[in-house]
Amino acid sequence: MDSLIKFVENEFVEKKDFPDFSSGDTITVYYEIKEGEKTRTQFFRGVVIQRRGSGSTETFTIRKMSGTVGVERIFPLNMPALQKIEVNKRGKVRRARIFYFRGLTGKKARIKEVRK
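With my numbering as the guide, the letters of the sequence shown map in order to residues 55 to 170.
Source of the hints: derived by calculation from the structure; they are not laboratory data.
It cannot be assumed that every hint is accurate.
[What the hints assert, rightly or not] Ranges between beta-carbon positions, derived for each pair: (1) Phe153 x Leu58: 14 to 22 angstroms; (2) Gly90 x Lys162: 39 to 47 angstroms; (3) Gly121 x Glu167: 36 to 44 angstroms; (4) Met133 x Phe153: 40 to 48 angstroms.
[What the hints assert, rightly or not] DSBU-like, lysine-lysine: derived pairs with alpha carbons at most 35 angstroms apart: (5) Lys146 x Lys92; (6) Lys143 x Lys69; (7) Lys162 x Lys60; (8) Lys146 x Lys161; (9) Lys143 x Lys161; (10) Lys162 x Lys118; (11) Lys138 x Lys70; (12) Lys161 x Lys92; (13) Lys143 x Lys162; (14) Lys88 x Lys60; (15) Lys60 x Lys70; (16) Lys138 x Lys60; (17) Lys162 x Lys146; (18) Lys69 x Lys92; (19) Lys138 x Lys170; (20) Lys170 x Lys118; (21) Lys69 x Lys170; (22) Lys146 x Lys166; (23) Lys69 x Lys88.
Here the structure is a predicted model, which means the values were calculated and not measured.
Quick reminder that beta carbons are idealized off the backbone N, C-alpha and C, glycines included.
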């Protein structure tokens with residue numbers, strides 16, 4: 055059964071070419087929004103909290119601060135409305151899922167940048 059699912063994913067699911075990113079990275083996601091008959095592009099810039107899943111079911115969670123309120127959004131990696139992903143900063147974290155980041159404020163909420 056697993057091989058059948060993988061075969062269907064490889065044949066019929068459209069692969070998009072996005073840059074490599076992991077948790078701790080600051081990225082900008084551009085995606086399409088339909089409002090009535092019009093479509094427009096909106097972006098969401100924040101820190102990647104986690105990547106989860108594999109293949110066509112892979113998702114990633116981004117967190118940003120909007121004023122004093124934290125906003126998180128989960129994006130499926132193969133969402134048709136996803137246009138492009140830009141990596142703004144590479145962050146150095148020790149965990150794959152940085153949920154502890156939700157409780158940090160001020161200077162403690164900074165992530166060390168990795169320069170290449």
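Hints versus structure:
1. Between Phe153 and Leu58 the beta carbon distance is about 34 angstroms. The supplied range of 14 to 22 angstroms is therefore violated.
2. Our hint of 39 to 47 angstroms for Gly90 and Lys162 holds, since their Cβ atoms are close to 43 angstroms apart.
3. Separation of Gly121 from Glu167 is about 24 angstroms and departs from the stated range, judged on CB atoms against 36 to 44 angstroms.
4. Evaluation of the 40 to 48 angstroms hint for Met133 and Phe153 yields a failure: the beta carbon distance comes to about 23 angstroms.
5. At most 35 angstroms may separate the alpha-carbon atoms for a hinted pair to count; Lys146 and Lys92 exceed this at roughly 40 angstroms.
6. Restraint check: the Cα-Cα separation between Lys143 and Lys69 comes to about 24 angstroms, which is no more than 35 angstroms; the hinted pair holds.
7. A threshold of 35 angstroms between alpha carbons decides the hint, and for Lys162 with Lys60 the separation of about 42 angstroms lies outside it, so the pair is violated.
8. Proposed proximity of Lys146 and Lys161 is supported: the alpha carbons are some 16 angstroms apart, at most 35 angstroms.
9. For the hint pairing Lys143 with Lys161, the CA-to-CA distance comes to about 17 angstroms; that is within 35 angstroms, so the pair holds.
10. Straight-line distance between C-alpha atoms of Lys162 and Lys118 comes to about 15 angstroms, which keeps the hinted pair within the 35 angstroms bound.
11. In summary, the hint linking Lys138 to Lys70 is supported, as the alpha carbons are separated by about 9 angstroms, within the 35 angstroms threshold.
12. A hinted pair counts as satisfied when its Cα atoms are at most 35 angstroms apart, and Lys161 with Lys92 does not qualify at roughly 41 angstroms.
13. Distance restraint check for Lys143 and Lys162: the Cα-Cα separation of roughly 17 angstroms lies within the 35 angstroms cut-off, and the hinted pair is therefore satisfied.
14. Under the criterion of a C-alpha separation no larger than 35 angstroms, the hint pairing Lys88 with Lys60 is consistent with the structure, at around 31 angstroms.
15. Distance hint between Lys60 and Lys70 is fulfilled; the C-alpha atoms sit about 17 angstroms from each other, no more than 35 angstroms.
16. This hinted pair checks out: Lys138 and Lys60 have alpha carbons roughly 25 angstroms apart, not beyond 35 angstroms.
17. Taking the CA atoms of Lys162 and Lys146, the gap is about 14 angstroms. The hint holds against a cut of 35 angstroms.
18. Between Lys69 and Lys92 the alpha-carbon distance is near 26 angstroms, which keeps this suggested pair within the 35 angstroms criterion.
19. Between the alpha carbons of Lys138 and Lys170 the distance comes to roughly 22 angstroms, so the proposed pair stays at or under 35 angstroms and holds.
20. With a C-alpha separation of about 24 angstroms, the suggested pair Lys170 and Lys118 falls inside the 35 angstroms cut-off, and the hint holds.
21. In summary, the hint linking Lys69 to Lys170 is supported, as the alpha carbons are separated by about 27 angstroms, within the 35 angstroms threshold.
22. This hinted pair checks out: Lys146 and Lys166 have alpha carbons roughly 6 angstroms apart, not beyond 35 angstroms.
23. Of the supplied pair hints, the one linking Lys69 and Lys88 holds, its CA atoms being roughly 22 angstroms apart against a limit of 35 angstroms.
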